[in-house]
Every structure is written in structure tokens, then in C-alpha cells.
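Chains G, S and Y are the protein sequences, given in the same order. If you're matching positions, the first sequence starts at 9 in our numbering and goes up one per residue. If you're matching positions, the second sequence starts at 3 in our numbering and goes up one per residue. If you're matching positions, the third sequence starts at 28 in our numbering and goes up one per residue.
Worth flagging that the hints you see were computed from the coordinates, not collected in a lab. Please read all numbers here as calculations on a predicted model, not as lab measurements. Think of the CB as a built atom: it goes at the ideal place given N, C-alpha and C, for glycine as much as any other residue. Among the clues, some could well be false.
Per label pair, the in silico range of CB-to-CB distance [as the list claims (entries may be wrong)]:
(1) Y:204 with G:300: 50 to 58 Å
(2) S:293 with G:17: 50 to 58 Å
(3) Y:392 with S:198: 46 to 54 Å
In silico DSSO-like links for lysine-lysine, alpha-carbon gap of 27 Å or less [stated by the list, open to error]:
(4) Y:339 with S:602
(5) G:34 with Y:33
(6) Y:33 with Y:212
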Amino acid sequence: MSDQIIKPDLKFTEAIIAAGGESLKKCYQCSTCTVVCDVTPDRKPFPRKEMLYAQWGLKDKLLASPDVWLCHQCSDCTAHCPRGAKPGEVLGAVRKMTIQEYSSPSCMGKMVNDAKFAILLFAIPTIIFLFELFIQGHLTNGIPRIPNGQLMSYSLMFPPTAYIDPVFVLTAIFAVVMFYKGVKKYWAAMAANHPEPPRKDVISAVIATIQEILTHSVFEKCGVAKDRSIAHKIVFYSFVGLAITTALAASYIYVFNYNGPYPQTNIVKWIGNVSGIALLVGITMVILNRFKNQEKSGIGSYFDWFFIFIVYGVGLTGMLAQILRLANIPVLGYPMYFAHLVFVFVLFAYAPYSKMAHMVYRTTAMVFAKYSNRS
Amino acid sequence: MEKKLALYICKGCSIGDAIKTEKMENLAKNKYKCAIAKTSDALCGEDGLAMIKADIAAEGVNTLVLAACSGRVKYEEFDFPGCIVERVPVRELAVWTQEKSDAQLAFEDYVQMGIIKAQKGDMPEPYLMETVKDILVIGGGISGMNAALQAAEAGSKVVLVEKEAALGGFVSKLYKKIPTALPYKEPLIVDAEIEPTIKAVESNANIKVFKSAKVEKIEGQPGAFDVTITANGGSEQVRIGAIILAAGWKPYDASKLGHLGYGKYKNVVTQVELEEIARKGGITRPSDGKPAKKVAFIQCAGQRDANHLPYCSAMCCVTSLKQAKYVRQDPEAVAMILYKDIRTPGRLEYYYKEAQNDPGVMLTKAEVSGVTEGPDGNLFVEMTDSLLGSAVKLEADLVVLATGMVPATADDPVLNLQYRQGPGLPDLELFNGFADSNFICFQYETRRTGVYAAGAVRQPMNMSEAQEDATGAALKAIQSAEHVATGMAVHPRAWDLTYPDPMMTRCTSCKRCTEECPFGAIDEDEKGTPYFKPGRCRRCGTCMGACPERIVSFKDFHVDMIGSMMKACSVPDDEDEPRILVVCCENDAYPAIDTAALQKTKIDPAVRFVTLRCLGSMNLVWLADSFSRGVDGMLLMGCKFGENYQCHFAKGSELANYRLGKVQETLDRLQLESDRVKMVEVAIDEYGKVPQMIADFVEKIKDIGPNPFKGM
Amino acid sequence: MQTSDKPSRILVIGGGFSGLTTAVDAAESGAEVIIVEKNAYLGGRVAQLNKYFPKMCPPVCGLEINFRRIKTNPNVTFHTMAEVTSIAGEPGNYDVTIQVHPRMVNSKCTACNACAEVCPATRSNDFNFGMDTTKAAYLPFNQAFPQHYVIDTKACKKDCGTPCKDACTYGAIDLDMKPETLTLKVNSIVVTTGWNPYDADKIETLGSGKVPNVISNMQMERLAAVNGPTGGAINRPSDGKPVQKIAFVQCAGSRDENHLAFCSYICCMASLKQTLYVREQNPEAEVSIFYIDMRTPGRYEKFLNQIQADQKVTFIKGKVAKIERAKGGDVTVTAEDMLTGDKVEKTFDMVVLATGMEPAGMSHQIPGVNYVEGFAASAAGVYAAGCGRNPMDVSKSAQDATSAALKAIQAGKGR
């Protein structure tokens with residue numbers, strides 16, 4: 009007999025419940041969920057076993073498994089669950105806890121996931137950017153002074169090279185380092201928990217993962233929440249588009265020394281605008297889908313909505329800032345751009361702790377799953 | 003009653019097309035002295051019925067032979083109060099199942115048999131004796147108390163005997179129970195509240211309670227049981243009409259569960275012991291009195307297990323869920339339930355769901371292979387085939403074994419009946435000692451008339467089921483006392499006013515009847531002479547079939563009657579035309595034949611059917627007589643017997659089969675082949691098979707050749 | 028108890044096994060009982076069953092005894108094709124209205140079958156769950172009680188009834204029969220309205236109504252019954268092929284909040300029983316039973332052990348949640364075998380869904396009767412028993428109905 013000793017952890021179960029898995033105790037282990045799930049592997053499928061681990065508080069089994077990330081929360085399981093145990097929601101909660109578990113510093117994880125700290129989180133970039141305005145002397149009695157009478161250009165208040173980009177470069181470095189630390193721990197935990205020898209090398213696992221992400225080939229198998237994969241795809245590609253836009257803009261400035269604002273006919277504008285509109289459309293679809301599927305798959309937690317809010321904020325403030333600039337309404341335009349900077353900061357700086365982190369953890373898990381022949 | 007016979011032949015339903023009636027009418031009048039022999043185009047029609055009624059009124063006929071359809075139909079039309087009515091199913095047996103060429107002879111045979119039956123039968127006169135209707139309830143637990151209260155509510159006087167010093171049974175030992183009514187919402191554990199029930203029983207003027215008491219012996223019969231109760235060193239005799247056995251259960255002996263650590267480790271307890279621990283306040287460990295924080299419940303401990311109790315006790319899953327809530331009164335403690343299958347049938351599923359919906363109540367399917375102790379006194383439950391892994395251990399500081407229910411009757415007859423056949427209920431071994439019914443449709447049937455079991459002594463069940471069960475048993479007890487008071491049988495012949503009336507002067511005290519009676523209705527006196535207790539009798543006629551002296555008779559059913567009917571049946575002289583008598587049970591085999599007839603299935607013309615109350619009443623003399631007059635074969639059709647017997651009289655068909663084993667002697671004496679007689683088991687839905695069974699038998703008889711006694 | 032008082036008058040609503048039991052037990056205790064049954068025959072669901080578990084004995088056996096008790100007991104009367112439309116009054120004193128639907132055949136019927144022989148119209152046979160047809164003039168089934176034919180007015184249009192009317196020489200056919208309203212005074216009422224098989228078509232994932240050769244457990248009863256559409260041969264509906272590989276899908280709609288949240292009590296035992304039908308008929312047949320928990324309480328465990336011992340029967344712990352059409356009329360079933368932790372996909376000739384019992388009160392409620400989530404609930408004077416009250420098997424129904432008889436008698440006592 010194996011010496012594996014099961015150590016139930018009531019605290020962990022309670023934590024999952026608190027994290028949005030309040031229905032997890034309703035599961036009576038029928039495995040309807042695993043069968044209706046079109047994205048699970050046939051061997052050791054999820055989410056039935058995860059539901060059991062969650063009920064017993066088996067933290068090690070849950071947080072060191074790639075499976076929770078193979079779930080795309082299609083909610084087919086939740087819709088067909090005979091007990092209303094909402095496995096999709098529970099796995100969502102476990103994913104959130106995975107991010108919190110591996111991200112550091114852990115206090116950041118808690119803050120990002122707690123509505124009480126929302127104002128503080130937004131206050132940090134607000135103060136940073138106000139401080140930059142102060143240094144440039146754009147503040148009068150602590151109130152920003154809007155440049156008037158000139159052609160509107162946000163670089164007047166926020167010069168990219170000197171003030172904006174350094175902030176974001178530092179933010180990005182922070183995020184990357186934090187992600188790296190988290191992913192390293194996560195990979196090690198998964199490897200320890202899955203002693204079976206890998207069947208694939210990491211490189212081909214990465215390639216296969218990227219292919220899967222680009223095509224959304226697994227996500228598309230979702231039944232009940234089919235629309236979600238479309239919405240996600242739009243948001244995903246809009247982020248890709250925006251990343252290209254940012255890269256292009258950076259090369260204009262730093263390589264070609266060509267400063268904005270750029271004419272609307274410029275390629276960077278094209279890509280940026282299409283991506284920005286797609287982002288807004290996509291994220292609106294995400295919100296509508298959540299309401300539409302509320303009954304069958306649940307509305308989601310603060311963790312979900314915080315992320316949706318940020319993405320929506322980034323897209324909306326970005327588009328509005330551009331429109332206000334073109335319409336030449338500086339009194340609204342400059343504050344809007346300020347807001348945009350704050351949102352973008354929030355998106356990147358807190359990415360290792362917010363739902364944005366799913367991008368990294370899910371990818372890691374997918375690679376691991378392929379590497380360990382799990383999917 | 004001065005009998006005046008009348009024969010009425012129906013010509014409807016194509017009877018008239020297949021047969022000629024004149025010969026029969028003449029035979030009836032001349033040979034059988036019928037006052038009237040008439041035909042009708044539709045005897046069940048207004049004209050036909052009016053004709054019969056007019057004859058009853060004007061001619062005073064009172065014994066009516068109706069050669070028409072089966073007695074299973076048109077029973078309302080052919081109901082003539084005050085008259086003996088013999089229904090001869092010529093439609094089914096002579097017309098629908100026979101080719102036209104064979105119908106006439108079959109018709110004549112059946113009608114003559116019917117006339118003889120009517121001639122030989124009499125109106126029943128009930129057996130009346132002095133009876134009481136008081137009810138004895140054995141057991142003062144939840145079932146017994148409810149049975150007593152329900153019977154008292156219905157107006158009966160009740161005597162309740164409890165072996166303990168106080169009423170209440172297991173319920174009084176509980177810390178909490180599950181809520182009695184839906185919906186199952188928090189709190190999922192509520193006070194057991196047995197006190198009001200105990201008070202209601204003890205204060206009820208119609209209920210006399212004996213505590214610390216035992217039923218020493220029960221003599222007599224339903225309506226007049228003499229029950230000796232011993233209590234407080236003294237003994238008292240009471241007269242009782244009917245008995246409810248609600249002696250309950252005891253927990254399975256956990257000391258046999260050493261592999262689960264019981265007896266070895268102090269912190270392994272049973273569910274029953276956990277109730278006691280909980281009653282003392284808080285779930286603590288017996289070893290050190292510390293609060294238990296990790297409690298493992300092992301379901302089916304010594305149950306569903308060929309080495310222990312092979313059955314499921316049906317209530318342990320809910321009990322463990324309930325006890326998990328005891329554990330969870332400490333918010334830091336966890337209850338871990340290890341089950342084979344969670345069994346919360348019906349709406350108990352809701353209880354499962356609610357009890358489970360607690361972070362500290364954890365469940366998994368598992369096969370527990372053993373319990374070991376760690377160095378710190380903690381226990382390790384070893385499991386295989388669990389959902390948590392195929393071979394894992396679970397650490398617990400207290401282990402609770404869900405041991406099963408053992409009925410009080412498993413090793414103690416409890417009733418202490420002073421019956422020739424023994425002190426307890428028969429058939430207990432079929433049900434692992436439970437006093438259960440063999441009949442799916444008739445849950446309160448026992449093989450001791452007037453004795454009805456209720457609660458956990460009957461089947462494993464929970465408290466609310468036990469209360470319902472007790473109510474039903476109360477009805478059955480009341481009903482049986484009522485019936486015996488009017489001389490009427492109880493189930494399954496709950497209409498029957500006849501009773502066995504042996505001619506004792508010819509009894510040889512061979513004791514076959516006393517041994518064979520499925521209901522223990524016949525005792526023996528000091529000299530060994532059978533002594534019939536009609537109150538215990540179900541009127542199956544097994545005694546009549548058993549008696550070699552043929553002395554047991556019912557008013558409308560006796561050896562001579564059936565024998566004479568058989569004698570009235572034609573035996574063709576032609577050696578190619580065998581005559582086979584099919585003796586069948588009226589409850590199942592006959593309805594099957596009736597159904598075959600309804601479908602116009604043809605049956606071999608060699609056979610003539612004779613129906614009996616039960617095949618148990620089959621007397622071997624009929625075989626001897628029939629064979630000696632040239633009948634070629636005898637086929638007996640009875641119900642399935644053995645473990646899952648279907649005979650409504652429990653043993654009838656089996657006994658008929660047993661007697662056939664002894665018929666060889668008779669056949670040898672007649673120098674006949676033993677294959678000329680055969681018994682087959684026929685269920686009521688085997689109407690499709692009956693014609694073939696018969697054809698096969700006829701074929702076999704033809705192979706054997708004609709009976710040499712033919713024509714002698 | 029009744030002999031000195033005026034007897035209780037009890038109305039029993041529903042003439043299935045529970046109702047019959049209440050009726051005979053109450054009547055044999057001295058009460059006067061009226062049974063109201065909506066079908067054209069007594070016996071209810073059990074009349075449609077092939078065998079009872081665990082004895083494998085025919086249900087008509089017990090029915091026959093109860094019918095005989097009714098025939099011989101003047102205290103019991105019954106109305107078939109009748110429904111209770113209103114109940115007014117209080118315990119001990121109820122006024123009940125009953126609507127009797129026209130049978131078009133009166134009690135002069137001798138069940139000679141002459142009408143059916145000439146009847147030109149056919150109807151889908153609801154007794155066999157539509158798996159075959161009968162004539163519009165029909166006997167509900169061969170052992171029906173009362174043994175009187177019925178004319179299905181929906182199938183018998185306008186002049187269509189003339190040939191059978193002419194064929195009947197007993198004047199039993201009355202094509203002008205009208206619905207009748209009866210009023211009764213009773214002291215107490217017992218509601219034994221039973222259950223309906225849950226409509227498996229509502230379960231999206233299990234293929235019922237979409238995938239051929241997916242049938243319900245009640246259809247399986249008829250398929251195995253000698254008076255069923257195939258004469259008892261277990262052949263699959265699409266092509267009549269004898270079944271070699273069959274799956275039983277437990278909890279098809281039961282223990283499921285999207286359907287019936289409760290456990291239907293009987294389905295585990297029913298599938299084990301039906302496994303035996305298949306195995307006894309075909310020694311080569313292979314059976315797979317997919318389940319969540321095998322619920323065989325009490326001594327039913329022995330029956331489970333018996334089936335478990337059969338090498339050709341496989342038990343898979345895992346609920347089926349996907350059933351699809353396969354080649355040539357076969358059916359593919361997917362489940363997770365929880366003990367290996369892998370998904371299994373198997374193909375069968377036929378799949379039986381162990382659909383549960385929906386209490387009658389979920390689809391039709393009798394005014395004046397108390398219901399809780401579709402289950403009839405006992406109240407003073409109006410008692411519920413059998414499967415309309417709680418999911419239970421036949422033996423529990425019989426027991427429950429006997430209890431209800433006493434309560435009904437008590438309620439009517441001395442009034």
C-alpha cells in the first residue's frame with residue numbers, strides 16, 4: 009500500500025469558497041461535468057476530481073496541477089451539473105488562488121483581489137503621473153493646467169521619452185520579473201506533482217501551445233458559453249494589435265525619431281484604431297455574455313470584474329482621448345489621456361496579480377500539459 | 003340447505019356455434035336431477051339474468067350451475083345471494099381453447115364436473131368462537147409505541163410489552179435526530195423528542211404497558227391468544243386478538259470488526275456509541291477525552307459483507323451525515339465520510355445535499371481495508387478504490403463505524419409461540435433473521451396468522467418509515483381480529499367463510515397435516531392427535547391434500563368433491579386419444595389459462611382442467627383413482643416454489659411437489675410409469691407457455707402409451 | 028372496530044397498487060370504499076411492469092388476488108376512466124365531484140373481441156408507450172380488470188364506430204355515451220395517484236427522442252413483457268435486432284436539479300432486474316450499468332450481489348452525460364469511469380435510460396389535495412400514500428397504503 013496520506017484542509021476549502029467557489033460542497037461526484045466538458049483530456053479528465061480535491065481542501069493537488077488552466081470555463085459543466093455545484097466557477101476560483109499562490113509579493117495578490125484596495129491601486133499611478141506633471145510644472149496649486157491655444161498634442165503634457173515610457177518600462181520590467189518568479193515556482197510545483205516522464209520537449213510544447221492560443225482551437229469547443237470564445241478571441245487579438253501598435257509607435261520614436269501625433273492615415277493609427285475598437289467590442293461582448301449566461305454559469309467574482317473593468321477602462325479612455333484630441337476639446341481630452349495612462353499602468357503593473365495573469369499561468373499550464381502529455 | 007339444482011347454459015360468445023346443448027340439458031335433468039336446465043343466448047344479458055332470477059323466485063332453485071364464462075369475469079352479474087353458484091368456464095375451456103370438433107366433449111365434461119361440484123358443495127357456515135380484539139404490541143420503541151397509539155386511536159385496547167425498564171427504544175438513546183419533515187434545512191439535527199410519545203402511550207387509557215417485561219409464551223389462536231407476560235418477577239396472562247411484533251433491532255457486534263480497529267483502539271467507536279458520546283456534550287475521544295477534530299466515518303462497517311451482515315441497513319448513510327453535523331458543531335472539526343455508495347433514497351437525497359453542503363463534511367467513495375494507529379494515538383484509515391486515490395491513508399483522531407442493524411428475531415423467537423411447528427416465525431432465514439414478508443404485494447404477511455411485524459424487526463428502516471410501518475401493522479392486526487370474530491379468513495382468502503372441518507374419528511394421528519400446514523394452524527394434543535386452530539388457518543387446504551385418510555373437508559371443497567369431479571370426466575376408449583387431467587392452482591395457473599383462452603390460444607384436446615384453492619390441497623388419492631380408471635396422465639400446475647416462492651400459501655406448491663416424490667409407490671402398485679404424472683411451475687403471466695407445456699406433456703404421454711387401465 | 032359504528036366511507040383516488048391496497052385493506056376492516064381510477068383499468072403502473080424485483084415474480088399475480096378481494100367484497104366499488112374534479116368539506120365530511128369519461132362500452136361487454144375484429148381504425152398503444160398499435164376498440168391489455176373493452180374516441184371518427192357496434196351482439200357498445208358527473212359524500216380520502224415516468228426527452232445530453240434505440244426503463248418493461256409489443260423478445264426498436272450489448276444509464280433525470288432533484292428510489296433495482304431480463308433471455312448478452320451510487324437498500328443488496336457475480340455484467344461508477352448515434356443504429360455512450368479516472372466511450376445495441384418517477388401531482392393536481400413540490404402530502408382527512416407521496420417501490424407502496432387505510436378509517440370513525 010502506498011503511503012500517500014490524505015490531509016484534508018478545511019481552511020483551504022473555506023478559502024476556495026470565499027474566493028467564489030461557494031457551490032463546491034454541492035458536488036456529489038457523479039462526473040457529469042467531465043463528460044460534458046469538451047476541452048478536457050480523456051485521461052484523468054477534469055473537473056470532477058478537482059471538485060473532490062476542493063471539497064477535501066487538497067491544496068497540493070489543486071495548485072500544482074495544470075488541469076485547472078486547461079479549463080476555459082465554457083460552463084458546460086455548470087449548466088449540466090445536477091447539483092448546482094458550478095464546477096466552472098469553482099475552477100475559476102482555484103485559478104484565482106493559483107495566481108495568488110505563486111505571485112509575489114503575496115500582499116499584492118491580496119490587494120488586487122480585494123475591493124477595499126481598489127482606490128489605493130488606482131491612487132498609485134495617479135500620484136505618479138501627477139508627480140510627473142508637478143516636475144514639469146504643469147500643476148498650479150496642485151491642479152493640472154491644461155495647455156490652451158496650441159494644436160492639441162498629449163506629448164505637451166506627457167512627453168513620452170522623458171516621462172511616460174520610463175514609467176511603463178519600469179512597470180513592465182516589474183511585471184516580467186514577478187511573472188517569472190511565479191511561473192518558475194508553478195512549473196516546479198507541477199513537475200513535482202507529476203512525476204511521469206514527459207513525452208514532448210518543451211520547445212514543441214511551446215509551439216503547440218502558441219498554435220492553440222492563436223487559433224483558440226480548444227476554447228472553440230465550448231458548448232453553453234460558445235459566444236465566450238468569440239469574445240475572448242476578439243479581445244485577445246485586439247491586445248495583439250495594440251501590442252503591435254505600441255511596438256510600431258516605439259520604433260517611430262526611438263528608431264526613426266518620428267514623433268506623434270500621427271495622421272489618421274498612418275499605419276500605426278490604422279492598427280491602433282481597429283484594435284481599440286475591437287477591444288471595446290470584445291470586452292462588451294464579454295460583459296453581455298456574462299449576463300446572458302448568468303443563470304447557467306454564474307456572473308463571476310470581483311476578480312473577474314476588476315479585470316473587465318480595467319480592460320474596458322483602457323480601451324474606452326484610449327479611444328475617447330483620441331476622439332477628444334481630434335475634436336480639439338482639450339479641457340476633456342487631457343484628463344482623459346491622464347485616465348488612460350492610469351488604466352494602462354493598472355493593467356500592466358498589477359498583471360501578475362489580476363486576472364491578466366491568466367495569460368501567463370494558463371500558457372504555462374498549457375505548455376506543461378503538452379510537455380507532460382496531458383493534452 | 004335443501005339444494006335445488008339448476009343448469010344454465012350460455013350460448014353467447016360463440017359457445018352456441020361450437021356445441022349442442024340438448025344432450026347436456028337432458029343429462030342434467032335425468033342423470034343429475036337438476037330441476038331446471040335451460041339455455042340462453044347471453045346469460046349475462048338482461049334476459050338471461052331475469053330468467054335465472056325468475057327461477058330462483060318461482061322455482062326455488064338455489065344451486066346454480068352456470069355453464070358460461072370464467073368466474074373471473076361477470077362476477078357482478080352472476081351474483082345471486084343465498085345461492086350456491088358454480089361457474090363452469092365452458093367459453094374458455096371448451097370453446098375458445100378447443101377446435102370445434104373437440105368442443106362438444108370438453109363441454110360435456112366440464113358441465114358435468116360443474117354439476118357434481120355444485121352437488122357436493124354446501125353453503126359455508128363460519129367458524130365462530132369467543133374472541134377478543136385486544137392487540138398485543140411487543141416492543142416499546144418508536145415502532146411499538148406508534149403501533150399502540152394508532153391501534154388505540156382506532157378504538158382498540160392495547161397491551162404493550164417492553165423488555166427495558168423504560169419505553170423509547172433506540173430513539174431515547176439518540177443525541178439528535180434528523181428533522182421529521184421536509185424541507186431539510188438547517189438545523190439539520192433536532193431533538194429526538196421521544197418523551198411526548200412515551201407520555202402519550204403511558205397516559206392512554208386504552209394502552210396497558212408492561213416494562214422490564216417479556217412475552218413468556220403465546221398460546222391459542224388469533225382472536226383468542228393467551229399471552230403470558232412476565233414482569234417484575236411475576237407473570238400475568240392476558241387474552242389477545244392479534245399481535246404486532248415490533249421488537250426492533252440491536253447493533254451488530256462490533257467486536258467482530260477487529261480489522262477496523264474496534265476493540266483494539268479506543269478511538270474507534272460505533273455510530274451508536276457516538277450518540278452516547280454526543281449526549282455527554284461534544285464529540286470527544288474516548289482515549290483522552292480531548293475534542294475530536296478529524297472524525298472519519300466508515301460506512302457499511304461489517305455490512306454488505308459476506309463475512310458479516312450481507313445486507314444494507316438502509317439508515318446508516320443518513321445517520322453518518324447527521325453525526326457529521328454533530329462533529330461540525332465545532333467549526334474547526336471535520337467529518338470525513340467514507341462510503342461504498344451513498345444511499346439516501348427518495349427525498350432523503352435532499353438531506354444528503356444539505357448535510358454535505360458544509361465545508362467540514364467531506365465525502366469520498368472508498369473501500370476501507372483497515373485501520374491502524376500512529377505513534378501519537380491518531381488513527382490511519384487505509385483505503386483502496388477511493389476517489390482520492392487507489393491506495394491512500396487518511397489520518398483521523400476518531401473513527402466511527404457505521405455498523406448495521408440486527409433484528410431482534412435473528413437469534414431469539416421473541417414471540418415464544420406454543421405452536422407445534424415452533425416458537426418463532428418461519429421464513430426468517432430467507433430474510434437474514436428479519437421478520438419480513440416474502441410477498442412484495444403484501445408486506446405484512448407472516449406465516450403466523452394474526453401476527454404482524456413492524457419497524458426495524460421487519461426490515462432495516464429509519465424512524466419515520468418505522469412509524470408508518472407501525473400504522474400499517476396496527477391496521478392488519480385490527481383487521482385480523484375483526485375477521486376471526488366473524489369466522490372469515492384473512493389474506494389471501496379474505497372473503498372465505500369456510501374452514502377445515504376434519505372428521506377426527508377417522509384420524510390416525512399420522513401428523514402429516516400438522517407438519518405440513520404452512521401456517522402452523524394445527525397443533526397436537528398430548529396423545530399426538532391433531533388439533534385444528536381455525537383462527538390460525540388461511541384455508542389453503544394443504545391439510546386436506548396432506549391427509550392420507552382424506553378426512554379434512556371444507557363446506558365447498560373436499561377430497562370427495564374433487565375426486566368425483568375427476569371421475570365425471572370422460573376417458574376416451576380410443577387408445578390414440580389420451581385423457582390428461584391438469585390440476586391447477588386457481589390463483590395463478592388458472593388465470594394464466596384463462597388469459598390464453600382470451601387470446602383464443604388452442605390447447606390440446608386431451609386435457610381437462612380441475613382447479614384447486616392451492617396446489618397444496620392436491621391429495622394423492624386423486625392420482626390413484628384417476629389412473630385406476632384409465633386417465634393417461636396427470637399434470638399439476640402450481641406456483642413457483644423455493645427461495646422466491648410465489649405460492650400465496652407459502653408452501654402449497656412445494657408440498658404438492660414433495661408429495662409427488664412419494665407417488666411412485668402408488669404408481670408402482672398400479673404398475674404405471676412415473677412419468678405419467680408431472681408437476682410444472684406456472685406463473686400467472688406464463689399463459690404463452692402453458693399450451694406448449696401441455697402439448698409437451700401430451701406428447702410424452704403418447705410416447706409412453708395408453709394407460710392399461712383404460713376401458714376397465 | 029367498525030362493526031358497532033356506521034362504517035367509514037373512504038374515497039381512494041387512484042386505482043394503482045397503492046390505491047387497491049388501501050381499498051381492500053380498509054374494506055376488509057369494515058369500511059366502505061370507492062376507488063376512482065383515471066385509466067380504463069385498475070392496476071396502474073404495476074400492470075405495465077413485466078416482473079417485480081427482487082423476486083422476479085409477475086405483478087399481475089398480486090393484482091389478481093387484490094381483484095379477487097374486490098370482486099368478493101361488496102364494500103368496494105370503483106369507477107374507471109374517472110377523475111376527481113373537486114373536493115369540498117372538512118375531515119369526516121367531504122363532498123366530492125367525479126367526472127366519468129365515456130368508455131363507449133358498457134358493462135354488457137363480454138370481452139369476446141368481436142368489435143376489435145371489425146374495427147377499421149387503429150391507435151397508438153399507450154399501454155406499450157407507443158411501441159405498437161391497437162384497434163380503436165381495444166382491451167387495454169390481456170389481463171385488464173375490469174375485462175371490458177374501450178373505444179378510443181380520438182381514433183374512432185364519425186361513422187367509424189358503426190361496424191363494431193353492429194358486431195356486438197350484447198348491446199355493449201354505446202357510441203352516444205356522454206361524460207357523467209357523480210357526486211359522493213365520504214368521510215375521508217386517500218390520494219394514491221402514483222407517478223408518471225419522467226420525460227427523458229427533456230434531458231438534453233441523453234439522446235432520448237433523438238438517438239434511435241435509446242429507450243426508457245418503462246419501455247424496457249413493456250419490451251420484456253410477454254404481452255408487450257414484441258411478445259417479450261428484447262429486440263431493439265429501430266430494426267428489431269436482438270440486443271447483444273446493452274447499457275443502463277442510471278439517474279436519467281433523477282438526483283438532478285435540472286430535472287427531478289430527488290432520487291426516484293426504484294431505478295437501481297429496476298435496472299438490475301432488467302439486466303436479468305436481458306441475461307436470462309440471451310446468455311451471450313453483455314450489460315453495462317453506469318451509476319453514481321448503487322442504491323439497493325436492505326436485503327436488496329442480495330440482488331445486487333447476484334447481478335455483480337455475473338461476468339457479463341459490468342458496473343461503471345460514473346454518470347453518463349453524453350449519448351450519441353453510432354453506425355447502423357448503435358448507440359455510443361460516454362462516461363467517466365471514476366475508479367480509473369478515465370473517460371470511457373462505449374457502443375451498444377441499445378441503451379436504457381433509468382428514468383425516474385415524476386409524482387402525478389407535478390403534472391396534475393386535484394383541487395382540495397395538499398401538494399408539496401408536486402408530491403401529495405397528507406393532511407387531516409385527506410391522506411396520501413404510495414409514489415404520489417414519496418418515491419418508493421411496490422413493496423413500500425403496499426406498506427404505505429396499508430398505513431393510509433388505518434388513518435382514513437380513524438378519520439371517518441364515529442362520524
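Structure-based check of all given hints:
Distance hint check for residue 204 (chain Y) and residue 300 (chain G): the Cβ-Cβ separation is about 54 Å, which falls inside the suggested range of 50 to 58 Å. For residue 293 (chain S) paired with residue 17 (chain G), a C-beta distance near 18 Å fails the hint of 50 to 58 Å. Range check, residue 392 (chain Y) to residue 198 (chain S): Cβ separation about 33 Å, and the 46 to 54 Å hint is violated. A distance of roughly 39 Å separates the Cα atoms of residue 339 (chain Y) and residue 602 (chain S); the hinted pair therefore is violated under the 27 Å criterion.
Of the supplied pair hints, the one linking residue 34 (chain G) and residue 33 (chain Y) is violated, its CA atoms being roughly 54 Å apart against a limit of 27 Å. Proximity of residue 33 (chain Y) to residue 212 (chain Y) is assessed by CA-CA distance (about 14 Å); at most 27 Å being required, the pair is judged to hold.
Of the numbered hints listed earlier, those contradicted by the structure are 2, 3, 4 and 5.
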